[in-house]
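Colleague: The chain contents come next:
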Amino acid sequence: MSEAKEGMDVGYVAHLARIDLTEEETALFQGQLDQVLHYVEQLDELDVGDVEPTAHAIPVYNVLRKDEVGQSLDHADVIANAPAATDGEVRVPKIIDQ
Amino acid sequence: MKYEATIGLETHIMQKTASKMFCACKYEYGAAPNTHVCPVCLGYPGALPVMNEKAIELCCKAGLLLGCEINPCSKWDRKNYFYPDMAKNYQITQADEPLCLGGELEVDVDGEMKTFTLERIHQEENAAKNTHVAGASLVDYNRAGTALMEIVSNPCMHSSADALAYLVALKQIMEYGGISDCNPEKGQIRSDVNVSVRPVGQEELGSKVEIKNMNSFAFIQQAIEYEIDRQTDLLEAGGAVVQETRGFDSDRGETFSQRTKENAHDYRYFPEPDLMPVKISAEQVEQWRSELPELPAQRRERYVKELSLPEYDAGVLTADKIISDYFDEIIMKADHPKLVSNLVMGKGMSWMNEIGQAEYLSIMTPAVTGEVVGLVAKKVISNNAMNELVDILVERKGGDPKAIVEEKGMAQVSNDSALEGWADEAIAANPKPVEEYKAGNTASINFLMGQVMKASRGKANPGAVMQVLKQKLDG
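For the protein sequence lines, the chains are H and W, in the order given. FYI, in my numbering the residues of the first sequence are 1 to 98. FYI, in my numbering the residues of the second sequence are 1001 to 1475.
So here's chain W without its partners, still in its complex pose (with noise of 0.2 Å):
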């Protein structure tokens, strides 16, 4: 029998506000324990939360870009569960009435365009962080209260490669969409991760396993193909598959059962009586949608069709917000889109991998870079010479691009003077190819340009040392 495996995520993202999402604490990752906490946040008796309209704008408008139905009127629930990170006993979320339905998010796998399908976005509170030691728990409070929205995905995956390639492309939208900075070392993107596995053309799904709070998108990877081909030995077996949540073992890449306690799930939810709902007007949602930003997928058109760079080249700039910024204020200074394209991925790249991408940035700002760049352009040094030049002023940590240039004597040298020289020198010197050339072996004439380069130990101007040389033999 053939088996299939459909798979959900319901992803967690940390939005960008100043402040938490029900108190004005400050919304800090890595600040000393326990120092951005209040009455509200540690669930004091009649501490009262009030909204943070950011929160709420910013969840919006991760609906807007993904094409959610903005919920004309959302609702808050109390969610009940005992446990330290959430000093109140209960988290706010919304149960039934979420501030987002629907939606859909168009992705590339390997190739092929699939859509998948969202249930919905609702806005919560994110819990408090644990770290368990010897014999007891520590509890850091400064996460509990932050802004956290939740994306559920209908279960319409298939594939671990299905599953990358979504997150891949949910992170970039929120990226670029100014919702959240999706670190997953500072948590800000985690997903649980729902499995299951039937007989292909049974209708019904098969018990779901659940995998909880991944943030690493490898792990996520590898827990998918471990539960798919798990579940699918169980059935084959004849046995059948325990609904269940599972944690992941990234050293053994492996999931494995997690007792829960009897009625773990039972969240007694009800409406939260400290909150008032939350009404959207018609108005306030096209407010919100002309001021969405332009999404990888229209900026990677944009560089193909407006710059002319290579579908390749416009994937790889867009991948990273923070590049493709970079790239674009280049271009307003400097012109030249391929160029340009060329140093960020090439040197660009592979400094940045070295040292850093804030450092590189800091070092290569647009105007230093746009300032190489124009060199190139102008013809002033070889594009060889401008990986050089790269090098230095990274090495250098800065620098003036054209001092450098004069420093190094990189400058390309065009004039006929200096190039008759050696094209002289090179025409004296090796009679053999210069008569192969004349015989109408015109590739010959490669030999004697590179004679010539290597004279100039590489600042000639390449189609400058052609033409003379073609002068001088053809003539």
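Same shape as in the complex, but just chain H (with noise of 0.2 Å):
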């Protein structure tokens, strides 16, 4: 990745996952991570360009299943773990931005 090369800006991956983090704990992570880039940053010291990327650690493909309908959850026991409910919908604070 080229994310290690460039440094990880913790603050700004912290705001993208929505996650509050301190000053302090930013300096924190953003050394922790840092050392854990540069350790995978080893990698780069093979030459890797006659290996075909892959997307698994395993070779295992087409896992499907047929498209037959099956059991949904009980309608109750959803809304029972929904934040808040009307009319069987979700009920979430407003979105403003679309």
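Worth flagging that the hints you see were computed from the coordinates, not collected in a lab. We put the beta carbon where it would ideally sit given N, CA and C, even for glycine. Please note: incorrect hints may appear among the correct ones.
[Claimed, not checked] Here are the computed lysine-lysine pairs in the DSBU-like style, where the Cα-Cα straight-line distance is at most 30 Å:
1) H:K66 - W:K1459
2) W:K1459 - H:K94
3) W:K1054 - H:K66
4) W:K1379 - W:K1338
5) H:K66 - W:K1305
6) H:K66 - W:K1079
7) W:K1338 - W:K1472
8) W:K1379 - W:K1472
9) W:K1026 - H:K66
10) W:K1026 - H:K94
11) H:K66 - W:K1088
12) W:K1378 - W:K1333
13) W:K1026 - W:K1279
14) W:K1397 - H:K94
15) H:K94 - W:K1333
16) W:K1002 - H:K66
17) W:K1333 - H:K66
18) H:K94 - W:K1079
19) W:K1338 - W:K1002
20) W:K1470 - W:K1378
21) H:K94 - W:K1129
[Unchecked claim] Selected chain H positions facing chain W (in silico; Cβ < 7 Å):
22) R65
23) D74
24) H75
Assemble the dimeric complex from its two separately framed chains, guided by the hints.
Modeller: Dropping the structure here:
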């Protein structure tokens, strides 16, 4: 990943992941994550030009299911797990940014 | 300076599957909210997605219908974003290895054939439906996780007419291919539209504006026209176009800037660890290719070449697959393609507009319509009587065509004795036209013919009337 070379902006990533970090935490994690990335960077020493990229560690493909309808959850159970509900729908704070 | 517009479309199409993309919940439009949901499509921790093989097949068949190359090995990625329409905070999609690559669509734009090229088609999952109410938003997850594919065109169109023709053709092919019902009201076909404008001759494209998530073809057309004008005016005044996402206000027919959050487009794609890649063999591709149905263009050609229908009829009949399938079924029973075409395009379509297509087709089934056409073909009833018969059948919501013809006395009169009586009366009562005809003005016979038709109250067979009159006058 090019990220390691450029370094990682922990504050920016925390914002994308909606995690609130204090300044101290940001500095702490910045140092720790930089170390992790530098460690992984060692892989750059290898020439992998001839290696086909893999999406997965194990060579398994086409795990498919038939297009058949199965059991869904009971509506009352679904709503019990929701933060709030109105007329069977899940109610959330108004989404302004569309 | 002259300017030109460049337009690209990203069209989302909901596939015709029974269950969702990665779980066995039912796909059903209009069900009670949150009744077709499960741990997978609600994003509960630990729930694992499993691919729907039918969706993969439909996506690849869509690709084959559009001349795409099927990717021998495609994979899945997570597109991360925070929005309540995706409970797990990411959408499973395909970033760098989609199922279908390339492709093209040949389209008739106002009489000119144009080829629009595609970049790709990828498979993904649909988001939930949000409704915004006072102080809150409501979410129905029934649609979340349903099979959705995205057809991405190259920036190869230059006018709203191009875009409209492309969309109409795309929709038609998807319907014919059984890929999707493409009902815009049900959100089964929606497009994001990218528009940019540049001075003619400039190599690089201008800054593009994206107008998101539109389902109405008419609005798409309006939005494109508005954007081209707006951007051209900006450039002409020496200004610059800001690259941004804009919404379309259908009441005002204008686009408006949508303030997007900072970094809103950083989706941090990464490979989906819960799903294995899909490998598709050349044999599988050939198998699917052999199963592809007849496309609208092929059907039009068959109608013209094999059924000898005029180009116009062929175009009208094939515009909607339901109508075209219906037409095919009737001619299998009744033959006489031109008569069937006249009925379907005339009375048929006007009734469909009035009472709805489904209602009309349930009354005027292929069997009933075939019978009506048979009566005309055998000259039992005239063309006018055919229209009247269809009206009666629709108004009564069905019935036996033959019984109605008898009840209403609609059968044509071809037997000579009745015709001769009327012909004699017409000749006796109208000496002037008779004289004119005998003097060589052959058109005068039409007046006499009209009198006979009137006397028969429209039931006389016009061909037979003409024959009887001629015999009497010439003989």
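Colleague: Work down the list of hints and note, for each, if the structure agrees.
Modeller: Against the structure, the hints come out as follows:
no.	hint	verdict
1	H:K66 - W:K1459	violated (60 Å)
2	W:K1459 - H:K94	violated (69 Å)
3	W:K1054 - H:K66	holds (7 Å)
4	W:K1379 - W:K1338	holds (15 Å)
5	H:K66 - W:K1305	violated (41 Å)
6	H:K66 - W:K1079	holds (25 Å)
7	W:K1338 - W:K1472	violated (34 Å)
8	W:K1379 - W:K1472	holds (23 Å)
9	W:K1026 - H:K66	holds (13 Å)
10	W:K1026 - H:K94	holds (28 Å)
11	H:K66 - W:K1088	holds (24 Å)
12	W:K1378 - W:K1333	holds (14 Å)
13	W:K1026 - W:K1279	holds (26 Å)
14	W:K1397 - H:K94	violated (48 Å)
15	H:K94 - W:K1333	violated (58 Å)
16	W:K1002 - H:K66	violated (55 Å)
17	W:K1333 - H:K66	violated (37 Å)
18	H:K94 - W:K1079	holds (23 Å)
19	W:K1338 - W:K1002	violated (49 Å)
20	W:K1470 - W:K1378	holds (24 Å)
21	H:K94 - W:K1129	holds (14 Å)
22	R65	holds (5 Å)
23	D74	violated (9 Å)
24	H75	holds (5 Å)
The structure is inconsistent with the numbered hints 1, 2, 5, 7, 14, 15, 16, 17, 19 and 23, although it conforms to all the rest.
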